[in-house]
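Chemist: As given, the protein sequences belong to chains A and B, one line each in that order. Quick note on our numbering: the first sequence kicks off at 1 and runs consecutively. Quick note on our numbering: the second sequence kicks off at 1001 and runs consecutively.
These are computed hints drawn from the structure, not numbers from a lab. Errors might be hidden in some of the hints.
One side of the interface only, derived from the structure: several residues of chain B facing chain A at Cβ under 10 Å [to be verified]:
(1) Glu-1009
(2) Lys-1011
(3) Ser-1014
(4) Ile-1016
(5) Ala-1019
(6) Met-1053
(7) Ala-1080
(8) Lys-1101
(9) Phe-1103
(10) Ile-1105
(11) Val-1129
Every value quoted in this text rests on a predicted model; they were computed, and no experiment measured them. Just so it is clear, CB atoms sit at the ideal spot from N, CA and C, and this is done for glycine as well.
In case you want the letters, here they are:
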Amino acid sequence: MNNTSIRVRLTLWYGSALALILLLFAVALYLVMSRALREQVDASLDEAAAVAIRTLGEHRFGPFLIFEDLSQEFPELALLDKFFQIFGPAGQVTIQSSNIQSREIPLSQTAFRASLAGESTFESVQFTKGVSLRLLSVPIRQGEQLVNILRVGTSLRPTDRMLRRLLVGLYIASPVALLMSLMGGWFLAGRALRPVHAITQAARRITAGDWSQRILTPHSNDEIGQLASTFNDMIGRLEVSFKQIRQFSADASHELRTPLTITKGETELALRRPRQAEDYRVVLESNLEEIDRMSRIVDELLFLSRADLGEIKLKMFPVQLDDLFREIHQQAAVLGKERSIQTVITKIEPVVVEGDDLRLRELLLNLVDNAVKYSQEGQTVELALVVEGNQAKIIVQDHGIGIAPENHSRVFDRFYRTDEARAHAAKGTGLGLAICKWIVEVHLGTIELQSTVHGGSCFTVFLPLSSPTI
Amino acid sequence: MRILVVEDEPKVASFIRRALEEESYAVDVCADGAGGLDWAQTINYDLIILDLMLPGLPGVEVLKRTRAAGIKTPVMILTARSEVDQRVKGLDAGADDYLTKPFAIEELLARARALLRRSGGAPSGILQVEDVVLNPVTREVTRGDQRLEFTTKEYALLEYLMRNAGRVLTRSMIAEHVWDLDFDTFTNVIDVYISYLRNKIDKGRERSLIQTIRGSGYMMRSDG
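Extracted from the complex, chain B is given alone in its bound form (with noise of 0.2 Å):
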């Protein structure tokens, strides 16, 4: 899952990049409203965090943009507490939710599952393939009995594969939403990380859970 975080004030996008990554996200943060809106149209996110107070382009118009280029991306915005015509505003825009400041980080992080759950389809939002079972708000990873650990890129890409199990995921997909924007895509580092997962998967398995498609990626096996 990939986020893009856009905050001007430097130590707020850094604490939220802190406490995203640590739920394996990848993020991205940019300090400018024009530079926001541009990485947004560019780079296919899975949510877009946006402050609405912004140098340059204000939020409420970054959003505005965002919607008139088709962008279909959840998007919570971050506003003052005093301010609700801002919010209103906000979500008028397009916004799919809000969070005011100070915020609590549970919170943040809850509502980012809650809207990253919505656009993936999965109501209840515990993934399982075969029996394999991923909850993304404990973050734990289950076959059978036996639970499985893995590191926060690992998981990343299982939660990733998971939620769009039964499509064929090209590298540069994979890249876009599990890695951020300091991902060199001209190394093998996604074929690594894909023999780790299947180190952990597929134990005892005759197939594997992932399969390679030659020539464009991988895909996660759908139930049955």
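This is chain A alone, in the form it adopts within the complex (with noise of 0.2 Å):
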């Protein structure tokens, strides 16, 4: 059954609903039909009766009335479908209309007990060779005696040919109007799951990697064009992160590219000939040089996707920040010293944050490394950490080779570096600043640039401070 497609699932539901609903359709109005006709054909019976005993009564009622004085003073009561009978007090047939001619319809038992209590009695009778009859038994009586039993009967063929029409009529018309509904209900369930068909032909074809596709929506907002528009967006989502990650793998292979082919080459250059020991060392340093960078390189890569797995785990504690700042300061003094940077500290306040400690220290530091990195020699880098509002403000200030305002948005970019960085001797990763905008991020901070191209650049970071009741 699951393999049942939802259309001739819908389809089967339907007709199934469709023929019960039919079923009691039916089977109503043929009993309220039935229930009518026969109130109809008594009330003409009860109608007749009381012109009969208001005719015999204005012929000063006597037992030798014959049938065809009541015919001709009331025409009607000779019509053809109605006959008369007129009974003794003891049961016996006195007269009757001539239709009824030789037929023998004697009285019953409970029509003649009930005449003598006084009360009128409706009796359906099977006559013989299958006609059914209706009768109507009235007593007329004077005073407390019951003087004679006028009986009123009429054929019930006609209702029962308009009943059976009825029923033929039913038996007919009910499987074409369920066929002619399933088609319809086929018709429609097909139409309302078309575009459940397109959904799954974009989607078997985004399988085969063609994220260009979209789902054709129709411009209504039912559930359906609802689906549609959703899946858009999901397509849409996924093709942009999709296209993030080629170029992330696009770039890592690039940037490893790099230091590869230095390595290779200065080692196979090397190996041409006999050298001297010094010309060894050289190449063997630059070799170092380099498998740092791509070991430099693959770390970040794994901290990022980590990162992107959610799999880095914090441990939030309140980190006394201007302890932090100091140290950093005195590491940065070492990393200037060969290219005789200075790093000072141009204003600090103690400062608490929550935070974990060895992300901020790396924070801290890929800042400050940067700002060494791009500085000229002989240059300054300044720090600073202020409390402004509820945040903590740090401040690392180079006067280096600056970046261009239009490249300030993509700086935090993985494995974006500008021109200028590229061309720049001392090489870095282009995952720093990716990096410090996470940790900034994961402590629910802002990080901010300032910069210009030859003006130096000025990163600014806000993190919360602590509340005080931790």
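Work from the hints to combine the two standalone chains into their complex.
Modeler: What follows is the structure, given as structure tokens:
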């Protein structure tokens, strides 16, 4: 049953429900019709009896009244579909209308007893040769004395014929209606499910790698329309992240290719012919530098992909940021020593933030390392840590190569490096600032950049202060 | 033979330069596209090695403009292995050969030799003037059965002269093809090297293989 399509199932459910409704409707219609017809027959019998009794009364009720007088006076009594009988008080027939002819229709015991009690009786009688009759027996009394019993009867054949015709009509019409509505249901279900089919097709094409596929949504906002547009949104997001991943791996392989080219080239060149020990040392030093660069790229890539997957657990504790700041300042002095780049703290206040000590250290070190790396020889790097409102404000200012304003939004992207940074002697991995941004964001802070080309760069980090209750 | 290397990664440029210099080519290195285009148009190089990933002006653009300026110097492009369309664009823009990074240094040198040979018009690559035979692949020079030894500069000068045997080469042409940008044209270094060469190849010969053309420069005698 699971293999049956929704279209078939919908149609079947629809058909079964309709069949049930049709059946109930037919039964109800038949019952209501037959009851209405019966009541109509009874009412006409009642009416005929009343007319007859009135007529008999006007003729000074006598035992020898003949039917012809009656029918002459009231022609409607002679109508073919009714017959009359008048019984004596003992139940014997005294007069009867000519349309009964010689048929014997005796008064039943029930009718007779009811007449004695002064009540009228309706009866249905199955006559010989299959003719059904409806009979009304009415007692005619003078005072307490039962004088006569009037019986009016009519054949039920027209009523029966009408009911049979109705039944035949229902037998034919119901299956036809059912068939037609099944076809309609099949068509409608197909129509309603067509967008679902389109979605399936689109999804199938996407699996083949074509991310440009979209479902043509009807301009409706119904369930299917919503499904389609939700699906399109999802494809859009997937397309974006797929492209990002592709770009990321292309960038990663490119970044790794350069150090590989260098180590391979230097090594092969060194091995071409015998050389001085000093030459080998230079090559090995260069190679070591490139190997370090590769392992840094790999480490940072691993860090970022783990961060993306949410696998990096942070140990959040109150951190005395000014202590950390001083430590980083000392490390920066070592970093800048070779190129006589001085790092100075212009302002420092005691600050406690809630955070992961290791990650915050990494953040500061990355920023300060960048500042030193992209400074010219003899320049200074300025650091400041102040409280601003309920935030800690960290400022790392250099006077180095700077970043053009149009590239500000991209420097935090993975592997993005400005042309100036690429041409710079000290190579970064292009991942440092991406990692900084991630660390700042997991600490619910923000990072900003003010910079112009050759005007130096100033990175400002805001981190929320640790609430005093903790 | 003078070669221009346009490569922005200093360490890559550095080992390419050293490898080529060991093969006694004169090498200039330029780190950006605009500068590379400039140099290619000013100096008559014998070969240009061009990285396609350059800051500023992209490599393909440098190549197109070089060709548009009517410069027919053979160009070898350096690309990443994954960038097939880059390679195709480079070749369509007028590159003569390509090499993907990371590459084997021997392959770079062999392809450089092949390109220089093609433009030099000596299919076998072996150059001969009278009894002096020069093999650019092994960098061996023989005279008869005797093997001659040269310094890299001497060798480069000899190869240039032999490649252009029968043509008058001015001092500035020699400076352009044998020395790199650091060469100071006002010194008599060329004359000094010519005399070194004459000492080695003309021993016992009546007329020197290298003729001095008064007022213009030098010429290697062609056969006969």
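Chemist: Each hint should be assessed against the structure and marked as holding or not.
Modeler: Okay, the hints, checked on the actual structure:
Hint status for Glu-1009/B relative to chain A: holds, with the closest Cβ pair at about 6 Å, below 10 Å. A cut of 10 Å between beta carbons decides the hint on Lys-1011/B: the least distance to chain A is about 5 Å, and the hint holds. With a cut of 10 Å, the hint placing Ser-1014/B at the interface with chain A holds, because the nearest CB-to-CB distance is about 9 Å. Interface hint status for Ile-1016/B: upheld, as the beta-carbon distance to the closest one in chain A is roughly 7 Å, under 10 Å.
Checking Ala-1019/B against chain A: minimum C-beta separation of about 5 Å stays under 10 Å; hint holds. Against a cut-off of 10 Å between C-beta atoms, the interface hint on Met-1053/B holds, since the closest Cβ of chain A lies about 8 Å away. Annotation: interface hint on Ala-1080/B holds; nearest CB of chain A at approximately 6 Å, less than 10 Å. Given hint, Lys-1101/B at the interface with chain A, holds; its Cβ is 4 Å from that chain's nearest Cβ, closer than 10 Å.
Taking 10 Å as the C-beta cut-off, the interface hint given for Phe-1103/B holds, the closest approach to chain A being about 7 Å. Taking 10 Å as the C-beta cut-off, the interface hint given for Ile-1105/B holds, the closest approach to chain A being about 4 Å. The interface hint given for Val-1129/B is broken, as the beta carbon of that residue sits about 28 Å from the closest beta carbon of chain A, more than 10 Å.
Of the numbered hints listed earlier, the single one contradicted by the structure is hint 11.
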